Amino acid sequence: MSTDTQPSAQSVDLADLQQQVESLRSDLADLEEQDETKRMTIIATKGSLDMAYPPLILASTAAAFDWDVTVFHTFWGLDILHEEKSKKLKLSAVGNPSMPMPNALAAVPGMDALATRMLARKIDENGTASIQELLDLSLESGVELQACGMTMDLMGYDAEDLYDGVTTHVGAATALQHMADADIQLLV
Amino acid sequence: MSTEFEITDTLDVTGLNCPMPVVKTKQTVDGLAQNAILEVVASDPGSIPDIDGWAQSTAGVELLDQIEGDDVYKHYVRKAE
Chain A
31 MSTDTQPSAQ
41 SVDLADLQQQ
51 VESLRSDLAD
61 LEEQDETKRM
71 TIIATKGSLD
81 MAYPPLILAS
91 TAAAFDWDVT
101 VFHTFWGLDI
111 LHEEKSKKLK
121 LSAVGNPSMP
131 MPNALAAVPG
141 MDALATRMLA
151 RKIDENGTAS
161 IQELLDLSLE
171 SGVELQACGM
181 TMDLMGYDAE
191 DLYDGVTTHV
201 GAATALQHMA
211 DADIQLLV
Chain B
15 MSTEFEITDT
25 LDVTGLNCPM
35 PVVKTKQTVD
45 GLAQNAILEV
55 VASDPGSIPD
65 IDGWAQSTAG
75 VELLDQIEGD
85 DVYKHYVRKA
95 E
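Chains as they are written, first to last, in the numbering used here: chain A, 31 to 218; chain B, 15 to 95.
Simulated from the structure, these hints should not be mistaken for lab results. The structure displayed is predicted, hence computed values, not measured ones. Beta carbons: idealized from backbone N, C-alpha and C, even for Gly. Heads up, some of the hints might be wrong.
[Stated by the list, open to error] Cut-off 25 Å, straight-line C-alpha distance, at most; resulting in silico cross-link-like pairs (DSS-like, lysine-lysine):
{"no.": "1", "chain 1": "A", "residue 1": "Lys115", "chain 2": "A", "residue 2": "Lys68"}
{"no.": "2", "chain 1": "A", "residue 1": "Lys68", "chain 2": "A", "residue 2": "Lys118"}
{"no.": "3", "chain 1": "A", "residue 1": "Lys115", "chain 2": "A", "residue 2": "Lys152"}
{"no.": "4", "chain 1": "B", "residue 1": "Lys38", "chain 2": "A", "residue 2": "Lys117"}
{"no.": "5", "chain 1": "B", "residue 1": "Lys38", "chain 2": "A", "residue 2": "Lys152"}
{"no.": "6", "chain 1": "A", "residue 1": "Lys118", "chain 2": "A", "residue 2": "Lys152"}
{"no.": "7", "chain 1": "B", "residue 1": "Lys38", "chain 2": "B", "residue 2": "Lys93"}
{"no.": "8", "chain 1": "A", "residue 1": "Lys68", "chain 2": "B", "residue 2": "Lys38"}
{"no.": "9", "chain 1": "A", "residue 1": "Lys68", "chain 2": "A", "residue 2": "Lys117"}
{"no.": "10", "chain 1": "A", "residue 1": "Lys76", "chain 2": "A", "residue 2": "Lys117"}
{"no.": "11", "chain 1": "A", "residue 1": "Lys68", "chain 2": "B", "residue 2": "Lys93"}
{"no.": "12", "chain 1": "A", "residue 1": "Lys68", "chain 2": "A", "residue 2": "Lys120"}
[Said to hold, decoys possible] Cβ-to-Cβ under 10 Å is the rule here; a few derived chain B residues that face chain A:
{"no.": "13", "residue": "Thr22"}
{"no.": "14", "residue": "Thr24"}
{"no.": "15", "residue": "Val27"}
{"no.": "16", "residue": "Cys32"}
{"no.": "17", "residue": "Val37"}
{"no.": "18", "residue": "Gln48"}
{"no.": "19", "residue": "Trp68"}
With the rest of the complex left out, here is chain A (with noise of 0.2 Å):
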């Protein structure tokens, strides 16, 4: 390179990393911005009774945070927002460690029936939110949620067996784009 070039070079290198100054400016104002709405998405798989619970708790509280929550229901997580199966979610006897009997005999008949039961009065004694009171509030306090279009077909639900305001026929695609915003981001 020639040297009486260089100068010249130099000055229109200047006015070009000025303008990229700005531009960056500007996109970091912006951001910052954004950045004060913390964002969380969920992603619920599960449809027993004690998993539908931390999805909806974690949802509603952190909307009273204000932060921007949208929860995505797939699997078994729909029935969760199924108006009627919601209402019937069952905890299973088979399998929990926690249950203070074998699976031989938690595979009895009624078991699970049993254990639901006695879940339901622990949470009725307790003072813990239903499912029904924690959907309603997560809606009203304007948590998406979202039904996994493609569940929604393999299980035969349709938009209307679901509760009003939940955003049906959502693809992994939507999903994915708020989970890539998100600050948070679960699956249970």
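Fit chain B to the known structure of chain A by using the hints.
Relative to chain A, chain B alone:
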């Protein structure tokens, strides 16, 4: 201790467990006027750290005081800017 602020509203969440004290407090505060002071009466001991943490990381609320009694936990939340 005596409170040196004027309570404008009261929310009773006795008997309710996590996450209801926080969630109900937020819902109630949202419906209050600016500078209103809400007294939250809870029976859940976890409401002490929960409401404290919530107030610290949520805009527009200020926790003025928390009082622990016998099985009663009182919280005083001001709706701020």
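These are the hints, each one checked on the structure:
no.: 1; hint: A:Lys115 / A:Lys68; result: violated (32 Å)
no.: 2; hint: A:Lys68 / A:Lys118; result: violated (33 Å)
no.: 3; hint: A:Lys115 / A:Lys152; result: holds (20 Å)
no.: 4; hint: B:Lys38 / A:Lys117; result: holds (22 Å)
no.: 5; hint: B:Lys38 / A:Lys152; result: holds (21 Å)
no.: 6; hint: A:Lys118 / A:Lys152; result: holds (16 Å)
no.: 7; hint: B:Lys38 / B:Lys93; result: holds (14 Å)
no.: 8; hint: A:Lys68 / B:Lys38; result: holds (20 Å)
no.: 9; hint: A:Lys68 / A:Lys117; result: violated (31 Å)
no.: 10; hint: A:Lys76 / A:Lys117; result: holds (15 Å)
no.: 11; hint: A:Lys68 / B:Lys93; result: holds (21 Å)
no.: 12; hint: A:Lys68 / A:Lys120; result: violated (33 Å)
no.: 13; hint: Thr22; result: violated (20 Å)
no.: 14; hint: Thr24; result: violated (18 Å)
no.: 15; hint: Val27; result: holds (9 Å)
no.: 16; hint: Cys32; result: holds (7 Å)
no.: 17; hint: Val37; result: holds (5 Å)
no.: 18; hint: Gln48; result: violated (17 Å)
no.: 19; hint: Trp68; result: holds (6 Å)
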